[in-house]
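Novice: Protein sequence lines correspond, in order, to chains A and B.
Letter by letter, the first sequence follows residues 2 to 327 in my numbering.
Letter by letter, the second sequence follows residues 10 to 344 in my numbering.
These are computed hints drawn from the structure, not numbers from a lab.
It should be emphasised that the depicted structure is a prediction, and the values quoted were computed from it without experimental measurement.
We put the beta carbon where it would ideally sit given N, CA and C, even for glycine.
Errors might be hidden in some of the hints.
Unchecked claim - Simulated DEER-style distance windows between Cβ atoms:
{"id": "1", "chain 1": "A", "residue 1": "Gln16", "chain 2": "B", "residue 2": "Asn243", "range": "42 to 48 Å"}
{"id": "2", "chain 1": "A", "residue 1": "Asp52", "chain 2": "B", "residue 2": "Pro279", "range": "45 to 51 Å"}
{"id": "3", "chain 1": "A", "residue 1": "Leu196", "chain 2": "B", "residue 2": "Pro139", "range": "46 to 52 Å"}
{"id": "4", "chain 1": "B", "residue 1": "Arg90", "chain 2": "A", "residue 2": "Asp194", "range": "50 to 56 Å"}
{"id": "5", "chain 1": "A", "residue 1": "Glu310", "chain 2": "B", "residue 2": "Glu228", "range": "49 to 55 Å"}
{"id": "6", "chain 1": "A", "residue 1": "Glu310", "chain 2": "B", "residue 2": "Thr240", "range": "48 to 54 Å"}
{"id": "7", "chain 1": "A", "residue 1": "Asp194", "chain 2": "B", "residue 2": "Arg182", "range": "38 to 44 Å"}
If you want the building blocks of each chain, they are given just below.
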Amino acid sequence: MGSALDIPLHVKYIQSLGENKDDLVYHLTAHLRMNAVYWGLTALCIMGHKDALDRDETIAFVMSCWDNEAGAFGAHPDHDAHIHATLSAIQILLMQDALDRIDVPRVVKYILSLQQPSGVFAGDHFGEIDTRFLYCAVNALSLLDHLHELDVEKTVGYIRRCKNFDGGFGAREGAESHAAQVWVCVSALAILDRLDEVDQDTLGWWLAERQVPNGGLNGRPEKLEDVCYSHWVLSTMSILNKIPWIDADKLTAFILSAQDLEHGGIADRPGDLPDVFHTIFGLGGLSLLGYPGLADLDPVYCMPADLIESKGLRKGWEALPRRSLT
Amino acid sequence: MHGVKRVRYSREALAAKKEREQAKLKEYESLTGEVLARKKTKDWSQGSFDLTTKLLHVNPEFYTVWNYRRNILLNGLFPGRTPAEINDLLSDDLSLTTAFLKQHPKVYWIWNHRQWCLQQVPDGPSEEDPEAWRQSYWNKELFVVEKMLDADARNFHAWNYRRNVLSHMPIRRSEQSELVYTKRKIEANFSNFSAWHQRSKVLTSMWESGKLDKSRSLEDEFDLVKNAMYTDPNDQSVWIYHRWLVGSGDDRVIVEREIDSIQELLEEQPDSKWCMESLVFYKRLLLRKHEDSLTDGDRNDLENKCLELLTKLQSVDPDRRQRYLDLSHSKRAVE
């Protein structure tokens with residue numbers, strides 16, 4: 002059937018990411034660093050090797066990205082605050098049991114200040130709007146126990162206006178359905194207990210049709226399959242309790258075939274260069290598919306399920322049962 | 010990263026590559042350090058502006074530097090300048106982003122900066138004609154977006170930007186012209202779901218406002234879709250759009266006519282998953298919406314036919330067999 006998941010190799014890969022400081026690519030991606038650390042740490046948690054990254058160093062890195070002028074986090078020291086980096090920072094600190102390091106009132110204020118009259122959120126004060134940022138806001142407020150400060154009707158109202166005839170959701174009002182935007186909208190609705198806004202049968206159908214003959218998933222009709230859709234599509238299907246509507250064995254095989262079995266990590270598709278983004282999303286997909294030896298991933302938050310459950314935030318999603326290692 | 014192939018380097022090649030990178034890296038780190046240091050001191054000078062240009066050429070995804078550039082324009086370069094001079098600065102930045110977009114068509118930060126520039130365009134050229142500059146820019150935007158969509162007809166950044174341009178132009182283009190544009194894109198490639206999607210939005214708006222007679226327009230759409238279906242019955246875009254056209258199923262004549270039409274196609278393409286899937290959906294729509302006008306015999310026939318199709322679908326489209334199984338068990342389910 003193909004190769005098994007090489008957990009020790011992928012753990013080493015993630016550890017090595019912070020060590021390649023003389024790689025040009027490492028520096029050219031500084032604007033994603035906070036996100037990358039969150040992706041890497043979540044991947045390690047799912048593989049059961051959280052301690053492969055040093056806790057104190059990780060926390061120190063996160064805090065070094067605090068933008069005191071804005072009252073939120075940037076992607077890297079001296080980078081401007083942004084809602085996406087802020088969410089990743091909160092998620093990392095939660096996984097490292099260090100949420101107490103956050104100035105919660107300031108961060109909540111920053112997040113709420115980004116909501117637009119239409120109900121959508123901007124990414125920062127320059128105003129780019131996207132349902133991704135709406136999700137960042139809802140997720141972050143939820144993890145900080147400040148969801149009660151959100152105008153839920155206003156927020157849900159915007160998501161509703163992004164709903165398309167295929168049951169999916171776009172980046173903003175009028176935009177085409179895209180699996181990543183579908184995931185952020187459905188997950189936000191799940192956090193807000195408003196899944197009643199989703200046409201679950203139509204969307205379930207649209208999502209099931211993302212599986213292509215080689216077993217991989219794409220993000221929109223007639224586009225190429227990509228491992229990251231193992232997260233966007235599959236997590237959404239998990240929230241709608243419809244994972245059985247695709248072929249799990251074929252998807253599992255596809256994800257496994259995208260591993261780089263020489264240097265570690267998972268790529269967007271077989272034969273391509275791996276990166277930490279596709280590594281977590283491939284692992285997340287495998288976890289939801291019940292792959293043995295992995296911890297449960299919460300598909301709404303894309304974080305370890307036991308952690309989310311301990312905060313009382315688990316919603317009614319379903320994954321395939323975990324197969325045993327033998 | 011997407012679509013980057015793994016390459017095997019020899020030890021020598023790898024060493025040479027690393028050496029070349031070291032020089033680039035030193036330069037990059039020095040430039041980055043300089044720019045961020047100036048930003049910290051709120052240096053809004055021309056010199057700093059030029060440094061951001063240099064840095065963004067190397068890394069147009071460096072969002073913090075785009076932010077700094079905008080702040081330099083707002084706080085350093087715009088103040089004290091005439092509207093015409095501000096206009097020139099914005100024009101230069103728009104040209105810069107056009108060049109960047111050719112290399113990086115999917116980078117959010119570049120599209121953002123473009124949009125920001127357009128929002129800054131001052132009234133001009135005169136008090137009597139304050140919208141002319143803006144109108145000229147927005148017209149050009151449409152042209153730029155069309156070129157981007159010619160290069161990649163599915164680029165959602167470009168489609169989103171297109172919608173943005175259409176809604177912001179001081180003198181709006183007609184929705185009719187957008188219908189023409191989407192039709193052109195669809196006829197160039199039936200698989201262009203982005204164009205079908207855009208078309209659905211424009212039609213919805215025109216029907217709701219009464220600009221277009223819905224029933225006549227629907228007929229035109231069914232003709233367009235039928236043509237596409239027969240040309241490529243495997244293309245899911247067409248079938249998804251068709252389901253939207255049939256809509257609520259309140260018009261029984263349409264539902265029955267479409268069922269017949271698809272049945273004909275199925276006879277030519279007996280293994281067509283999309284024909285079968287759609288027939289199940291529309292037959293069940295008929296059962297749900299028009300139950301009272303059907304005889305018991307008709308109802309049983311329809312439901313039995315659906316079950317037959319669902320069984321066949323399990324073998325024709327085995328990846329999704331569980332869905333077809335679920336549908337078999339839930340009688341008269343919508344999906």
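Novice: It remains to establish, for every hint, whether it holds in the given structure.
Specialist: Each hint, compared with the structure:
no., hint, verdict
1, A:Gln16 - B:Asn243: 42 to 48 Å, "45 Å, holds"
2, A:Asp52 - B:Pro279: 45 to 51 Å, "58 Å, violated"
3, A:Leu196 - B:Pro139: 46 to 52 Å, "48 Å, holds"
4, B:Arg90 - A:Asp194: 50 to 56 Å, "52 Å, holds"
5, A:Glu310 - B:Glu228: 49 to 55 Å, "54 Å, holds"
6, A:Glu310 - B:Thr240: 48 to 54 Å, "51 Å, holds"
7, A:Asp194 - B:Arg182: 38 to 44 Å, "42 Å, holds"
Hint compliance for this structure: hint 2 alone is broken.
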